[in-house]
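Quick note, the sequences are listed as chains A and B, same order. Under the numbering used here, the first residue of the first sequence carries the number 1, and numbering increases by one thereafter. Under the numbering used here, the first residue of the second sequence carries the number 540, and numbering increases by one thereafter.
If you're looking for bench data, these hints aren't it; they were derived computationally from the structure. Worth double-checking, as some hints may not be accurate.
As the list claims (entries may be wrong) - Calculated cross-link-like contacts (lysine-lysine; reagent style DSBU-like; alpha-carbon spacing at most 30 Å): (1) A:K241 - B:K637; (2) A:K106 - A:K241; (3) A:K124 - B:K557; (4) B:K631 - A:K416; (5) B:K557 - A:K416; (6) A:K263 - B:K631; (7) A:K263 - A:K241; (8) A:K124 - B:K637; (9) B:K637 - B:K557; (10) A:K284 - B:K637; (11) A:K241 - A:K124; (12) B:K631 - A:K241; (13) B:K557 - A:K241; (14) B:K557 - B:K631; (15) A:K106 - B:K631; (16) B:K557 - A:K235; (17) A:K284 - A:K235.
This is what each chain is made of:
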Amino acid sequence: MTAARQVARHRNRGETLDLAADVLVIGGGPAAAWAAVEAAAAGARIVLVDKGYLGTSGATAPSNTGTWFVPPGDQRRAAIDRRLALTHGLADPCWAHRTLDTAWEKLHALAAWGYPFPNDETGKPYLANLRGPDYMHFMRRRVRRAGVKILDHHPAVELLGDGDSVAGAAGVDRQRNRPWRIRAGAVVLATGGCAFGERMLGATGLTGDGYLIAAEAGAVMSGMELSAQYAFAPKPSALNKGLPFRWASFTREDGTAIDTAGKDRHVEVAMALQDGLVFAQYDKAVAPELRSWLRQGQPNCFLPLDRSGVDPFTERWPVTLRCEGTVRGVGGIRLTGEDCSTGVPGLYAAGDAASRELLTGAITGGGGPNSSWAIASGTWAGRAAASFAAQIAGRVDDRPVTPLGGAGLQPEAGDKETLSAAEIVETVRAEMLPLERNFFRRADALQNSLGRLDLAWSDLRRQAPVNGLAAAKMREAAAMIATSRWAYASALARSESRGMHRRLDAPSSDPSFACAFEAAGLDRVGVTRRELGQGAPAQ
Amino acid sequence: MIEIVSAGRCIACDICVKACPANVFDPMPDAPPVIARQEDCQTCFLCEIYCPTDALYVAPGAEGATAVSEAEIEAAGLFGSYARALGWRRGKPGGADKDPTFRLRAASR
Numbered sequence: 001m002t003a004a005r006q007v008a009r010h011r012n013r014g015e016t017l018d019l020a021a022d023v024l025v026i027g028g029g030p031a032a033a034w035a036a037v038e039a040a041a042a043g044a045r046i047v048l049v050d051k052g053y054l055g056t057s058g059a060t061a062p063s064n065t066g067t068w069f070v071p072p073g074d075q076r077r078a079a080i081d082r083r084l085a086l087t088h089g090l091a092d093p094c095w096a097h098r099t100l101d102t103a104w105e106k107l108h109a110l111a112a113w114g115y116p117f118p119n120d121e122t123g124k125p126y127l128a129n130l131r132g133p134d135y136m137h138f139m140r141r142r143v144r145r146a147g148v149k150i151l152d153h154h155p156a157v158e159l160l161g162d163g164d165s166v167a168g169a170a171g172v173d174r175q176r177n178r179p180w181r182i183r184a185g186a187v188v189l190a191t192g193g194c195a196f197g198e199r200m201l202g203a204t205g206l207t208g209d210g211y212l213i214a215a216e217a218g219a220v221m222s223g224m225e226l227s228a229q230y231a232f233a234p235k236p237s238a239l240n241k242g243l244p245f246r247w248a249s250f251t252r253e254d255g256t257a258i259d260t261a262g263k264d265r266h267v268e269v270a271m272a273l274q275d276g277l278v279f280a281q282y283d284k285a286v287a288p289e290l291r292s293w294l295r296q297g298q299p300n301c302f303l304p305l306d307r308s309g310v311d312p313f314t315e316r317w318p319v320t321l322r323c324e325g326t327v328r329g330v331g332g333i334r335l336t337g338e339d340c341s342t343g344v345p346g347l348y349a350a351g352d353a354a355s356r357e358l359l360t361g362a363i364t365g366g367g368g369p370n371s372s373w374a375i376a377s378g379t380w381a382g383r384a385a386a387s388f389a390a391q392i393a394g395r396v397d398d399r400p401v402t403p404l405g406g407a408g409l410q411p412e413a414g415d416k417e418t419l420s421a422a423e424i425v426e427t428v429r430a431e432m433l434p435l436e437r438n439f440f441r442r443a444d445a446l447q448n449s450l451g452r453l454d455l456a457w458s459d460l461r462r463q464a465p466v467n468g469l470a471a472a473k474m475r476e477a478a479a480m481i482a483t484s485r486w487a488y489a490s491a492l493a494r495s496e497s498r499g500m501h502r503r504l505d506a507p508s509s510d511p512s513f514a515c516a517f518e519a520a521g522l523d524r525v526g527v528t529r530r531e532l533g534q535g536a537p538a539q
Numbered sequence: 540m541i542e543i544v545s546a547g548r549c550i551a552c553d554i555c556v557k558a559c560p561a562n563v564f565d566p567m568p569d570a571p572p573v574i575a576r577q578e579d580c581q582t583c584f585l586c587e588i589y590c591p592t593d594a595l596y597v598a599p600g601a602e603g604a605t606a607v608s609e610a611e612i613e614a615a616g617l618f619g620s621y622a623r624a625l626g627w628r629r630g631k632p633g634g635a636d637k638d639p640t641f642r643l644r645a646a647s648r
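All chains, full assembly: derive it from the sequences and hints.
Right, dumping it as structure tokens:
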């Protein structure tokens, strides 16, 4: 029996694709895949909709990522202690334990299902690394085999509610220009983070859509000030990478070296980039076998250089810093329970759509921690959503639902604006990508940016309603502005420096700020502090 | 950004139309797909490896279009070069079991 066949009642009401499911998963990266697999294991009818293609969407598919993978016992306790010491006081060891526990179990399941992990020197499968394209290709097959109905190129535009709970979503099939509406017992948002329109891997789809639609349903964000993560990329490519740059040295245009020894190389290069071009060279990789592992293990990093005819080991090439926003930053939808609930009945968040503060504190979870988080939080959210849906089974298909979307869909009264989504995205890029605004922050600049972003939001609120493909684009732009405003309002509230949040006007860390900041609201953004351990997800 | 759909190599299977996460291609009746929304391309190179005939070429610059000709990419042997480096063949995965990245992680400690 395939649940896909049971997924029901494909009712064509006029032009609209109208479906019903127990659990609707929105997203196409690893968290979405794991949520769908887990919910299907509970016997639920599952539909997964993604704006792109499950297998290539998101930040994982084009990358090669470590996993945070540590055996239980003393070794795991030690790993958590080491990590906690780096998180600037904002992480919670319980969440690290839970994440490692579930990732350990699921990575072994992945091996048992036949994912081709490489063998290490001792001949044992090495489970602490996943090659993005292969991993997500494999997960797509796994999701299909679980009986999940996959709808690619179906961006969600808004959630549906029944007055108390989230009851589905609506959007557009962008390849057929046809609206869709899916009633569901519960919804998992695994829509990824927001890259603020940066040219980085996965960024086209990572526009913060889940944050916007969750906020419209009443969810709040947490840790949004932790959205200043940047990664190196050969200029002008989109290949934001961490690992190979461990073997890079950096020089200014005049050839003088940028001293990164014992310092944060991102900060040193960010400072130099404000004065002019910076060049990199993988000259610290000297041993031939190291060079061959780099080429073989990270082939996409070498594409831009090979295709430009540059030898990356012996010649220098221009490098830049790409903003990774909340993708490899930290902030996202605040989780209110260990089951990835959001405080809104029927709505769950996983992966980069959720705040990862509890796991990674004020530093990036990029690489291993985020990858394990996607597996673990996807699993928890899928399980909890299936169980929530089971309680209302039988009422899913016929309860009255209303759309919850605002900006770009339901205009405020008064004169109407006609904006282009591309112009709005340019506003976001201008405020959120420059190093001198986001990487290095100051109160006055944050305030100025917020003023312009608020204005862009109020223009958007008067936007004449759009539909179809234009609605999907407009809602992406709305999500990016909303995310930017939460990020900078939270950055203003945290008037200290901590981890990736660097305030030039408050360069030290202030113990009184060992707390979280929640951002809520759309037309009016409010930021409130939450003491840690208080109102934290219950055990 | 995506620059070339080689008419000589393409079999019009439209896999790239489906697999591109940014929806840059439009299918055409009995003809190779066209690059309809190049500005949406995120330069991730994934279309190249999903293509069963190595008919696609993504130029490395992500900030704008690059003038390249099919003849020069063919002469440089760049069609399918990313798929070959990974070990993917005919649009299907391969080579993950030989990924030496774990050695890099050990070496970087």
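Query raised in the report: Holds or violated: are the alpha carbons of B:K557 and A:K241 at most 30 Å from each other?
Result: 26 Å, holds
Query raised in the report: Within a Cα-Cα threshold of 30 Å, do B:K557 and A:K235 meet the stated pairing?
Result: At roughly 29 Å apart (the allowed maximum being 30 Å), A:K235 and B:K557 satisfy the hint.
Query raised in the report: Is the straight-line distance between the alpha-carbon of B:K631 and that of A:K241 30 Å or less?
Result: Holds, because 24 Å separates the two Cα atoms, which is no more than 30 Å.
Query raised in the report: Taken at face value, is the distance from the CA of B:K631 to the CA of A:K106 at most 30 Å?
Result: 24 Å, holds
Requested in this report: Sort out whether A:K416 lies within 30 Å of B:K557, counting only the CA atoms.
Outcome: 36 Å, violated
Query raised in the report: Keeping to a limit of 30 Å between CA atoms, is the pair of B:K637 and B:K557 held or broken?
Result: Cα-Cα ~28 Å, so holds.
Query raised in the report: Given the hinted pair A:K263 and A:K241, is their alpha-carbon gap at most 30 Å?
Result: 19 Å, holds
Requested in this report: Would you mind confirming whether the straight-line C-alpha gap from A:K284 to A:K235 stays at or under 30 Å?
Outcome: 20 Å, holds
Query - Pair hint outcome, A:K124 versus B:K557 [Cα-Cα no greater than 30 Å] - result: Measuring from Cα to Cα gives roughly 36 Å; hence the hint is violated.
Query raised in the report: Does B:K637 lie within 30 Å of A:K241 when you go C-alpha to C-alpha?
Result: Distance of about 20 Å is within 30 Å: holds.
Query raised in the report: Has the given pair, A:K263 with B:K631, been kept, meaning a C-alpha gap of at most 30 Å?
Result: 42 Å, violated
Query raised in the report: Would the pair A:K284 and B:K637 pass a check requiring their Cα atoms to be no farther apart than 30 Å?
Result: Given that 30 Å is the threshold and the Cα spacing comes to 24 Å, the pair holds.
The structure fails to meet hints 3, 4, 5 and 6 from the earlier list, while all remaining hints are met.
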